Every structure is written in C-alpha cells, then in structure tokens.
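Mapping of the sequence shown onto numbering that gives the first Met the number 0: position 204 corresponds to residue 203, and the numbering continues sequentially without gaps.
Just to be clear, a hint being listed does not mean it is correct.
To be verified - Calculated pairs, DSS-like style, for lysine-lysine (alpha carbon to alpha carbon, straight line, at most 25 Å):
#, residue 1, residue 2
1, K175, K190
2, K175, K144
3, K144, K133
4, K114, K133
5, K114, K144
6, K198, K173
7, K175, K114
To be verified - Computed spacing ranges between beta-carbons, pair by pair:
#, residue 1, residue 2, range
8, S116, L74, 33 to 43 Å
9, L74, G157, 22 to 32 Å
10, Q176, L73, 25 to 35 Å
11, K114, T83, 16 to 26 Å
12, E137, G53, 48 to 58 Å
13, G157, K133, 48 to 58 Å
14, A234, D174, 28 to 38 Å
Everything labelled a hint here was simulated from the structure, so no lab data went into it.
The structure displayed is predicted, hence computed values, not measured ones.
Ideal Cβ placement from N, Cα and C applies to all residues, glycine included.
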Amino acid sequence: MKKRFVGICLLFLGMSLSGLSLAENATHAAITKSLGGVFPGVTPSAISPSPMTGVSEVLIGPRLFYVSNDGKYLLQGSLIDLETRVDISEERRNGIRLTAINDLGEENMIVFPAKDSRHTITVFTDIDCGYCRKLHDEMAQYNDKGITVRYLAFPRAGVGSASYNKAVSVWCEKDKQAAMTRSKAGETLPKAECKNPVKEEYELGQMIGVNGTPAIILEDGSMLPGYIPPAKLAAALDQGS
0 MKKRFVGICL LFLGMSLSGL SLAENATHAA ITKSLGGVFP GVTPSAISPS PMTGVSEVLI
60 GPRLFYVSND GKYLLQGSLI DLETRVDISE ERRNGIRLTA INDLGEENMI VFPAKDSRHT
120 ITVFTDIDCG YCRKLHDEMA QYNDKGITVR YLAFPRAGVG SASYNKAVSV WCEKDKQAAM
180 TRSKAGETLP KAECKNPVKE EYELGQMIGV NGTPAIILED GSMLPGYIPP AKLAAALDQG
240 S
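Could you build the full structure based on these sequences and the hints that come with them?
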C-alpha cells in the first residue's frame, strides 16, 4: 500500500513537471535538490506555489512544508492569513489527511457501522488508552446517533510495544469487532502474528500529526484530539453538515 501511494505521488509529480514554465522548473529543481541533500532518498510528492511570495508548498507523502523557491529555507508550521484569520495550512492538512486515510482503504480498518449512518469518523486508537476505552464503551450510543466509527491503530508506545502487540492480536482474530471489544475491556487475547496494517497505520498517524489518542478525524479531514461524548459529537457533526 505504501509503495503504491509513493508511486502515485511520483507519477503525479512527473506529470505536473511536464507542464511547468522554465521558472517553475527551476524552482522545483532547486527545492528537490536541496531537500535531497538534507534528506537523502526523499523526493517531494508535490510542489506548488503557496500564498506567500517566493515560497512553495511542498508535500512529502502526507507531510506539509513550505520551502523558499531557491531551496535555502524550510518552514514547518502554520501559514496564517492575518486579514481573514484563517489557518491556510490547517485547511490544506485536512485535505491531505483525508486523502491519506482514503488511500489506506476501509478494508484495513476495524469498522463499527451505524444502522442508519449519517456521519463517518475515523479514530486513531490505542488498546490501553483510558479515554479510548471510554469511547469504545459508548460505541452503541455513537452508532445510535448515526455515527459510523472506523478504527485505525495507534499504539502510543510504538512498534513492538505491548499495546502494539495487542493491536496485532486483535487484527489477527476472525471477528475483529468482537476482538477489539474484548481487548479494550481488558481481556488478554492470545498473541498472534499475521499480515496486518498496524505498523503502517501507526506511521500514518505520526505523519499526519496524531500525538495522542483517541484522535478523531472528521469527514472533512479535520482532526479533533481526545474523547468527545456521543451527543456532543453528533451535534457538532450535524451542525457542520
């Protein structure tokens, strides 16, 4: 999956370069060369003009950066429009998050669907996280309010940790929904090994800015950190529709 994503990004970059002006080609070449010197083997997925004169927006996978057109300076953070007070970078990150999650595919998620679904959220979760367990305990309430919940694994202690192994064991069970519920309730599942997306999901979470759990990704790609009660989340989702 990761190779496919990178391949698509490189293809997009190659197609975009073919229609660029000489100045744009020079900018792209300078930025690509500069980043390659600092991050060997890293190729930008996309380079495009930013709202700031002399600075380009650069995507490396799902990560957003700003680089001066001469390749000398890199900015990492949010670009704010002081006139409108809009966080331009966060709006872009929302779309980038959504694309990255959709590219991963729902077949690599553990989904708790609402019977009459009106909204779908994607939650980066840790088996051992207290508020993740609270959210899961209230799964029926989220579903009753028309919210489908899709889980991605984010074992905060990292790859190879106890939480990571628990997430793998859940994925290796035939009934993944039941296994998730049992594991979040504190039951120790038999340790298992199988082909699974846990490492990829953890790395994706890191790349798109997840630094705690639960992290809730809404349908527009915006991210809400922490637990949100079912009624409050449903009201916010309905208001944003």
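Consistency of the hints with the structure:
A distance of roughly 14 Å separates the Cα atoms of K175 and K190; the hinted pair therefore holds under the 25 Å criterion. Between K175 and K144 the CA atoms are separated by roughly 23 Å; this keeps the pair inside 25 Å, and the hint holds. Proximity of K144 to K133 is assessed by CA-CA distance (about 17 Å); at most 25 Å being required, the pair is judged to hold. As the CA atoms of K114 and K133 are separated by approximately 21 Å, the hinted pair is consistent with the 25 Å bound.
Between K114 and K144 the alpha-carbon distance is near 9 Å, which keeps this suggested pair within the 25 Å criterion. For the proposed pair K198 and K173, the alpha carbon gap of about 19 Å is at most 25 Å, so the pair holds. Our distance criterion of 25 Å between C-alpha atoms is met by K175 and K114, whose separation comes to about 18 Å. Against the hinted window of 33 to 43 Å, the Cβ-Cβ separation of S116 and L74 comes to about 40 Å, which satisfies the hint.
Checking the proposed 22 to 32 Å range against L74 and G157 shows it holds: the Cβ atoms sit about 28 Å from each other. Here the CB-CB span from Q176 to L73 is close to 43 Å, at odds with the stated 25 to 35 Å. Between K114 and T83 the C-beta distance comes to about 41 Å, which lies outside the given range of 16 to 26 Å. For E137 paired with G53, a C-beta distance near 49 Å keeps the hint of 48 to 58 Å intact.
Against the hinted window of 48 to 58 Å, the Cβ-Cβ separation of G157 and K133 comes to about 23 Å, which falls outside the hint. For A234 paired with D174, a C-beta distance near 32 Å keeps the hint of 28 to 38 Å intact.
Of the numbered hints listed earlier, those contradicted by the structure are 10, 11, 13.
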